[in-house]
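S.K.: Residue numbers (numbering that gives the first Met the number 0), protein chains in the order written: chain F, 0 to 389; chain R, 0 to 362.
It is worth saying that the hints were derived from the structure and are not from the lab. The beta-carbon is built from N, C-alpha and C at its ideal position, and this holds for glycine as well. Don't take every hint at face value.
In silico DMTMM-like links for lysine to aspartate or glutamate, alpha-carbon gap of 25 Å or less [claimed, not checked]:
(1) F:K125 with R:D31
(2) F:K169 with F:D229
(3) F:K125 with R:D169
(4) F:K101 with R:D169
(5) F:K123 with R:D84
(6) F:K195 with R:E93
(7) F:K99 with R:D31
(8) F:K245 with F:D274
(9) F:K99 with R:E293
(10) F:K295 with F:E54
(11) F:K74 with R:E293
(12) F:K99 with R:D169
(13) F:K140 with R:D169
(14) F:K140 with F:D335
(15) F:K38 with R:E293
(16) F:K122 with R:D31
(17) F:K125 with R:D84
(18) F:K122 with R:D169
(19) R:K219 with R:E205
(20) F:K190 with F:D365
(21) F:K99 with F:D341
(22) F:K101 with F:D341
(23) F:K140 with F:D367
(24) F:K65 with R:E293
(25) F:K170 with R:E93
According to the in silico footprint, chain F covers these stretches of chain R (three or more CB under 8 Å from chain F) [claimed, not checked]:
(26) 27–33
(27) 240–248
(28) 316–327
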Amino acid sequence: MKKIAALLLALVMTASAFSGCKKVDTASGSTGTGSDTIKIGVFEPLTGANAAGGEAEVEGIKIANKLYPEVLGKKVEVVVADNKSDKAQATTAVARLIEKDKVSAIIGSWGSSFSMAAGDLVKKNKVPAVGASCTNPLVTKGNDYYFRVCYLDPFQGTVMANYAFKSGAKKAAIIQEVSNDYAVGLATYFKEAFVKLTGDPNSVVTTVNYNTNDQEFGAQLSTVKAANPDVIFAPGNFTESALVMKQARQLGITVPFLGGDTWDIDEFTSVGGADVEGATISTFFDDSAPVTDEGKKFVEAYKKEYPDKNMAAVSALGYDAYLVIIKAIEAANSSDSTAIRDALAKTKDVEGATGKLTFNADGDPDKDSAIIKEVKNGKFTYKDTVTISK
Amino acid sequence: MMNNTKKRNIICTAILAVIVLALIYFANNYLDAYIVRILNLCAIYTIIGLSMNLINGFTGLFSLGQAGFMAIGAYTVAIFTLPLDMRSTIFYMEPMNPAIAGIHLSFVPALLLGGVIAGFAAFLIGAPVLRLRGDYLAIATLGFSEIIRILLTNLQSITNGALGINKIPDNANNMWWSFGVAIVILILTALLINSSYGRAFKAIREDDIAAEAMGINLFKHKVMSFVVGGFFAGVGGGLYASLLGTVDPKQFYFTLTYNFLLIIVLGGMGSISGTVIASFIVTCGLELLRTFDEPLTVAGYEISLFRPGFSMVIFSLLLMIIVLFYSKGLMGRTELTWDRIFNFFGKMKSKKAPKSTEGGSTK
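Chain R with its partners taken away, still in its complex shape (with noise of 0.2 Å):
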């Protein structure tokens, strides 16, 4: 019995798979470049999704540092990147550090430069700062990600300050990087999570004494899930540089980062489907809610509530909405495994048995 739903569950992985490649093949090559855009970006915010959701959802650690890491990776594809012939002309104001101006990596090395620098980064804040708890630990990493937003801006030689960077290779607009990382990350985030590692970083979240009490080195795994997050968000800080062509200090801002924290409450602290799920309506509901911000006509006269801003107010209301009736996220800390996709179907089935059978009594 055992060995048959194992079976059952691979045979459906491997199904989706196959469908999840030939979507991607099929919206490759055939969607508009405005729907294959919108998927790119919400690959890339499941990345960055799923590096908070680690920290925060599964470590329990409150941090809101992410919108630094992406920082750090996005400057870092950025810079190495740029084609060698046109960063004179970028950093036309103060002319790029010969230290870096003849540097050049492709797009890969240069992501996992900018991943690893970011993990760095998150090593030298996390070592003193993880001491911290709950709201100190948040201000903590809030005043990290604001100090790297104003490096960024004054170190114009290798930023080039506030003017920002354009003219970045433009790679992540191909659905085959941006998803293909976040399926490898979601593969590891998964790994990671059911690993020992993994279920430590859950031991911590539950109760850090009972926690420590139990052998866990605390200072260790509370590091080695914010460098892994910081990794991640440092990757998914490349790409979505990358997707965007340009970066600048301002769009770092620390309001980045509630883009990520509305990502993970509304899909769920502590579910990796959740995120997935959540950054897909987060970022397509959005897109599709534009369709409120154009003027209406209806017999000749015009819905004034049809003009630009009123998509927000249907979205803030549609969170409201989600946020009352799913107080933990849409799927709160579970997933969404083949077990429960099926059980789910079971029950479907189960109630209607008895249902024809209190017909057929009342006969």
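Okay, chain F solo, but in the shape it has when bound (with noise of 0.2 Å):
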């Protein structure tokens, strides 16, 4: 008796749980099946640690379909699979995508990790994937499969660098997060473009690690002290920089701080406050200023679809990975997902939400501009463009 209690009041949990799903998704539209469809398959983390990121991507991606549905005359079905935010998922569910769907490309995933995990899969199946946000190096390199929209790490560090340099400052200090593939990789090529812009091999002062949900930063923060640099590049995870700032400024370090795209977030500057005024990042989208014509054009879908949310950058990209895809199927006249990885590797000036993109020999795109915002009145505002000449 007690048994079947129990089981009640978790079915009825179960079922509370459903009433919430139901009055969110009932703004989506059906996605039809027919036999002339060409199916693009989409994995992303839609449970788990990094949901809120999956779930952001396949926003932009929902969005573009809805905007472009149709490709040669055929209705385009994106099929989503959830990758769990766990590595062994994100394969099955590739392996899922390409067998059992057999879509002729896919999209994804928030998360470097899962789409190395998957970049043998593609490779094997010769199915093209198109990564929207993976930013780790090692996810398209030697692999003819994976391309990516956004820009890598060593981009991203040279950006910051040039800022910094420009702002008139000689001497930097790291703070990076250790366990974060960006926040190293960010970190690295920050540091190597800085050496080389101040031409003084000791201009980075001081490199200081921490790990992701360290709450504490006294010991880091006195040596960065010590080392009195004139600007702090401190890549890493929102909520960690955010009180990295706060107790920076306890301990009376005011030199300015400069970070990654992944501070664009809305629990930065309230976790923050006052004490991120200033803090300047690079970023490649900004919903208030697109800077193309495709960039306007899903800003203004993506309000209209999701009035009440703070567009995150990812979204664009979600949006910028789809509409690659569907000019490679385009350009290759065809849904064979061989032809349309060799179309996808001939990308030139396809205009997508954040810029014009081309892909270069790994796949990964040629862009040569990023947004530099900075956090006034406890919001990030639009600074500057930063073009750099390669």
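Quick one: dock chain against chain with the hints and give me the complex.
M.R.: Here it is as structure tokens:
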């Protein structure tokens, strides 16, 4: 009897969870299935630790699907598979998309490690994949079937080094989240570029590390304070970074903080409050000033679809990933995976929401400009566009 | 009579072995890559589940260090089987330590080495912490697995740090490897459990003071169970790395251990067959439930429940039901033996028999 009561309780609990789901989903349209469709697979973390990032990318992809529902006269069907923020599940999700759903191309995933796990599979099965926000260089390196629309850690690190140098800094300190591949990548290339720009091998005065979920940064910050830098480059997760800044201000460190696009989220300013004022980042998309017509179109559609949401930059990247595939299918004039891959490799000057996209030999976009944003009155506002000549 | 059942059991085991081999052959050659991948994952989860059950279920040590042992095995395989010409591209940020940059091992030695290093780590950590009991041991082993993860993050020149390693040669995506190793480890575990050491493990689980009074060296047996479990988990981790083709420190977060804790609790703490059954149920179940993640349209209306994430709700519900009705796991502490199977069918027959006589009496 007790067991049955417990079971009933569990049922009620889950049922109440469903009613919550219902409301959210009634807005999105239904996807019909037919024989005359081209399938594009999407694997993203929709449950688990990284669900927020995956959800944002899927939003962008869905909007792209709505604006471009057809290619070559056929309907495009987006098949979404959840990789559950788990590497093993990422590989089974991709295997399922390839074997069971027979998709022509794949988009994904938020989190480079999931994309890396899928890399071997897409290569072996000759199904091209386009990553939206996976910035780890190893994702596309040596893999002819993996492309991506975001720029890489080296570029972003270089952009910030240029910005720091331009604003007059001669000495920089680095505080990096060492367990985060993204932060480590940015920090390494920042250092390389900054040393080259200043011509002084000791211009990066100190590099200190912390781990994801750390709360106390006193030791690292005293090292930084003793080194007396002009600027601090601190790429990392938004919560930890905001805490770093809070504690730095308490210690009397007043120099400006620079970071990466991960900070561009409401939680960063709400955790940091007044202490993150003046924090400067580079990012790939600014919804208040889209650089292309495609970007304007996307922002408009997004605001209509999700009126009460703040747009994440990765949504724009998800949109671009879909767009690049559609253009490649058009160029290849076929839904054959290998033909799409060849067309993707030749992608040149495709207008996306985040800028014009041209893939280089590695399958990475040759983007040459980034947007600089600064926290002003508790909000990230557009400051500058930095262009790097290669 | 005794001889007859023994003979019957041997024949049945032989038939089962042939069937399993035939199934592996069939699956490996005729099934698509998606199903083969899931089956391989089942086999690897079985290995790690068994290693955890040996420590937690049979010896009664509440250890949560499995992710750490797996990480050691996985990284050993990743580092040593990585082709030499690819190393400089993958270790692009900080070159590989020259001491290991030139060493390349083939899959089997690397797998064994991974197991041995994990076993050695188990010995190092086991010697001091196995004096602890219950929750304290759980915390200490959890800490151990976190230390391993932090080390992997920071030893950039050996492990490539947070960037991880990819392009690990794909050896385990062949069912002969994953199932072969799983079967060997299954047999080894069964032999160990039924040996005098295994009986000592179980005695320690039941009551360590009584076990000590019986002359069992507690420390020796606990360390032994821990080291063997660590070795198995290391081998399983190596296969895991090879199946996924990539490793990074984040994947060995302590939550990974909970997957295996789920498997052994579901299957039954202290049941080998339970672990095997549960790892198949959990792994295949999660995949089968993916159907619930796909949109479903009935008569033009999309049913909004069917959206990504719904499968996890169903999965949790199923787990609750199992835990409610099988509070000791599916198998408890019992094993699925031939005697049990035949007894079960025998009972079914005898149940039917009295019914028919009853029917006769009412006439």
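S.K.: Evaluate each hint against the coordinates.
M.R.: Quick rundown of the hints versus the structure:
1. F:K125 with R:D31: Holds, because 15 Å separates the two Cα atoms, which is no more than 25 Å.
2. F:K169 with F:D229: The hint holds at about 6 Å.
3. F:K125 with R:D169: It holds: about 16 Å lies between the C-alpha atoms, which stays within 25 Å.
4. F:K101 with R:D169: Holds, because 23 Å separates the two Cα atoms, which is no more than 25 Å.
5. F:K123 with R:D84: Within the cut-off at roughly 20 Å; holds.
6. F:K195 with R:E93: holds (18 Å)
7. F:K99 with R:D31: OK: K99 of chain F and D31 of chain R at ~9 Å, within 25 Å.
8. F:K245 with F:D274: holds (5 Å)
9. F:K99 with R:E293: holds (13 Å)
10. F:K295 with F:E54: holds (21 Å)
11. F:K74 with R:E293: holds (18 Å)
12. F:K99 with R:D169: At roughly 22 Å apart (the allowed maximum being 25 Å), D169 of chain R and K99 of chain F satisfy the hint.
13. F:K140 with R:D169: holds (18 Å)
14. F:K140 with F:D335: holds (23 Å)
15. F:K38 with R:E293: holds (14 Å)
16. F:K122 with R:D31: holds (16 Å)
17. F:K125 with R:D84: Satisfied, since the Cα-Cα distance of roughly 23 Å is no more than 25 Å.
18. F:K122 with R:D169: holds (13 Å)
19. R:K219 with R:E205: holds (17 Å)
20. F:K190 with F:D365: With a Cα-Cα distance of about 21 Å, the restraint between K190 of chain F and D365 of chain F holds, given a limit of 25 Å.
21. F:K99 with F:D341: holds (23 Å)
22. F:K101 with F:D341: Given pair K101 of chain F, D341 of chain F holds - Cα atoms ~18 Å apart, limit 25 Å.
23. F:K140 with F:D367: This hinted pair holds, its Cα atoms lying about 20 Å apart.
24. F:K65 with R:E293: holds (18 Å)
25. F:K170 with R:E93: Holds: K170 of chain F and E93 of chain R sit about 23 Å apart, inside 25 Å.
26. 27–33: holds (count 3)
27. 240–248: holds (count 6)
28. 316–327: holds (count 5)
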